[in-house]
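K.L.:
Here is what each chain is made of, one letter per residue.
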Amino acid sequence: MEAWDTQLRKGGLELAVLLLLSRHRMYGLELIGNLSEAGFPVSEGTIYPLLNRLSGQGAVAAEWVTGESGHPRKYYRLTGTGSELAGRLVRQWNEFASSMATLVQGTRFAGQGKEAQAQ
Amino acid sequence: MKPESQALVREFNRRLRSALAGAPNHVRVESALEVESHVLDMLSRGTADLPETEMVARILAGFGSPEEYARALLDQLPGAETATVGSGLRDVGLSLGDLLRGLFRLGLAMGRQVRHLLVTALKLLWQLAVWVYGTVRAGVVWVRGPLGNLRRWLTLRGKVAWYGLRRGSNRGRVLAVAGGRKLQGAAGRGFGGVVTMVRSGIRVAEWTLRTLRTLLLWSYRTVRAVLLWTLRAAGVVFIGGLALLALLVGGFTALAPDIVGWWVQVTQYNIARTLDEIRYQTGVPMSDVARAELAHTGSVVFAVVLTVAVLLVLLLGYIAWNSRRRRSDAARPAAQ
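Protein chains in written order, with this note's numbering: chain A, 1 to 119; chain B, 120 to 455.
It should be emphasised that the hints constitute simulated quantities derived from the structure, not laboratory data.
Worth double-checking, as some hints may not be accurate.
Listed below are the simulated SDA-like cross-link pairs for lysine to any residue, each with C-alpha atoms no more than 20 Å apart in a straight line [stated by the list, open to error]:
(1) K74/A x M161/B
(2) K74/A x L135/B
(3) K74/A x E155/B
(4) K121/B x G70/A
(5) K74/A x N132/B
(6) K10/A x G181/B
(7) K74/A x V148/B
(8) K10/A x E187/B
(9) K74/A x R136/B
(10) K74/A x H145/B
(11) K74/A x G181/B
(12) K74/A x L159/B
(13) K121/B x P72/A
(14) K74/A x S156/B
(15) K74/A x L152/B
(16) K74/A x A151/B
(17) K10/A x L196/B
(18) K74/A x R147/B
(19) K10/A x G183/B
(20) K74/A x N144/B
(21) K74/A x L162/B
(22) K74/A x R164/B
(23) K121/B x H71/A
(24) K74/A x P143/B
(25) K74/A x S163/B
Next up, chain B with everything else stripped away, as it sits in the complex (with noise of 0.2 Å):
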């Protein structure tokens, strides 16, 4: 297989290994391993005038996706679960131990990216390396060479010119002859180191912009993951605290009427202090009448937005719970 066939398939049991992650492990080594065989089987028999990378490409897309091939594979094994990976606010609802296996696969999907990049860094200096010591051994060439092969020239015109190179002498002939080789030679090996700096110095090139990539593409992906795991985690944690006020408002009102109204009095009180303040700081006049209007309506308002936080929470929980049941039921088909 050509390596950009290869890396088609390294890519799809890369993913699929990953959506495996549920599953015992050796369905997830044996899976990865069999379509490997199914593709090279399927090349075996010829691919029919296409490039080798487009027929890889359809053998591949007649698994399905990574993703569903996995979910397929898992739906057949008894008592595993799928272990995909939700989108971030789609899932608010999810529960403490998925955002924890959620955490556990980050963690691990950063340190592939770090060990990536430190065998990205050691090729890098492992190819300055090599650089440095071409261009160190292509200049003690031109050193060396051309300036010794000058003055074995220079000597060689002496001796020409003793010998009668003018007058016809074979020797004179000879030795000019042998002094030409020798300099054809140094500026031969000295070219040569040229060449060898060139092409070192375009591949250091080559391995900066690839470890400059990966460094752009590993901030941009963990900025990425902790962004929504952030955002999963709020949820989970804004929803819940909203979802235990709710009960306790809920609670106290069922259960202790009184202590509701003395709550909201306090309520009503404290923002009448928090308006005396800011009338005192700002000297912004304000007649008790409005004073206490202020008050009352502030407390009639946080009322009202406590009432719209119970019903999100019911809502969104709803939500949660019907797409995770949609889900499934999805699921279920693709898998006969």
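For reference, chain A alone in the conformation it holds in the complex (with noise of 0.2 Å):
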């Protein structure tokens, strides 16, 4: 159940990156906080190869900025090709989405999960 659960979270962890650089250009530790905030707990051997291949992609462009902190720090934001990347995906996750509730209607678990939403 576990292995199913973090396959599922790994398998939409890219397009959760992709919809946080969406909103503002972020920075490896800011992602990670909104990530484990949204329910995607992920390490940094993680993250920053995922960043690395969006960014050889062209999904995301990356840039140094020496501000506040005092020590220079990468900032990720979405490119044109990476908004077309997560349109594409959020078309595809709400069709697998539609189609799972689809079958889970009708059936005795189709008001499971609803109360955690609620919460």
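Grab the two chains, each in its own frame, and use the hints to assemble them into the complex.
P.N.:
Put into structure tokens, the structure is as follows:
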């Protein structure tokens, strides 16, 4: 059960990162914190390679900024290519969620999970 | 960051850059900078009552080992190869290209050690020079200061006696106090000189020990690296030679069995001649029948050894191929 949940979050991690970066630019630690709050606990050894891959694909752009912290930070922002990719992934996710919801509806499991959402 | 914490980050980044040898230069540089920036960001949020060094170690552990992190980074780059250093005998089936690349990396590592050794030696020489200068200066102070003031003190005593200190003369009292202060000053400078000598001596001893430690470490690492690579090279040459021999024998056996028969006879003849030579040199009696049997047995043993060598080559090649396949399979899920 835990393995399935882990695989599910792993699969959705790329989309989660793109959605967060669509709000505003973020640096690595900020992304990790926001992902953790959103229910995607992720380690540094996972997030930075993913950001590097997205950067290589042109979905995100990175720049070094020396701000109030005093040391340089690498900020990531979503590019046009990244926006298109995020849009595509969101459509695929909605189709998937809709298919699953159709399957769940009408079964005895229909009400489960809604209590957690309400909380 | 404290020096100990900085040392942890530096060591992590050194291993990371080494493991990213196959990556573009900007990836190597920026990955290391990113690690350092991440550590500083985490530390700025507080250490939660932990010692800073332990906090930094925990932060770095979040990346995994430098080699694992490098593999994860490289797997995300298209077309990049992971440059990892395998252990000696396990990778006995490596290609010549890998061997040459490894020798180049070994040369770079030895060059780094030599450079470190030279820098340490120069620092030691500088410290020696500082110590010698400090000692000479302290010696000069000792000679000039106390002796000179002793002369002044003796002169002062004479003056005190002349002005009649015992009779309560004020001038005599002032001169005595002034002389005492001068002696104290000279003693202080002399003592300071001794302290400088001791401090410099301690620094010299410290640098000497560090140099010896660096020498020992460098010697151990160099010898170990040379042995490992010699084993690998010997393994490749041995296996390659056996493979070639097996191919030749197998080819001849398949294509020209007469030649093989002739070769076996030649082997038997050579063994027999060797036995004759041994008999002649040692005087050990041996019948012709025994000689012929030994020659035959020798050629059979040789054929068996050759067959075993062929099987060994195949087995080792399979093990090397399988371990490479397993390692690349294990690296793929870790990257996700």
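K.L.:
Hint by hint, note whether the structure agrees.
P.N.:
Evaluated hints:
no.	hint	in the structure
1	K74/A x M161/B	holds (14 Å)
2	K74/A x L135/B	holds (18 Å)
3	K74/A x E155/B	holds (11 Å)
4	K121/B x G70/A	holds (16 Å)
5	K74/A x N132/B	holds (17 Å)
6	K10/A x G181/B	holds (17 Å)
7	K74/A x V148/B	holds (13 Å)
8	K10/A x E187/B	holds (18 Å)
9	K74/A x R136/B	holds (18 Å)
10	K74/A x H145/B	holds (13 Å)
11	K74/A x G181/B	holds (18 Å)
12	K74/A x L159/B	holds (12 Å)
13	K121/B x P72/A	holds (18 Å)
14	K74/A x S156/B	holds (8 Å)
15	K74/A x L152/B	holds (9 Å)
16	K74/A x A151/B	holds (12 Å)
17	K10/A x L196/B	holds (19 Å)
18	K74/A x R147/B	holds (15 Å)
19	K10/A x G183/B	holds (17 Å)
20	K74/A x N144/B	holds (17 Å)
21	K74/A x L162/B	holds (16 Å)
22	K74/A x R164/B	holds (17 Å)
23	K121/B x H71/A	holds (16 Å)
24	K74/A x P143/B	holds (18 Å)
25	K74/A x S163/B	holds (16 Å)
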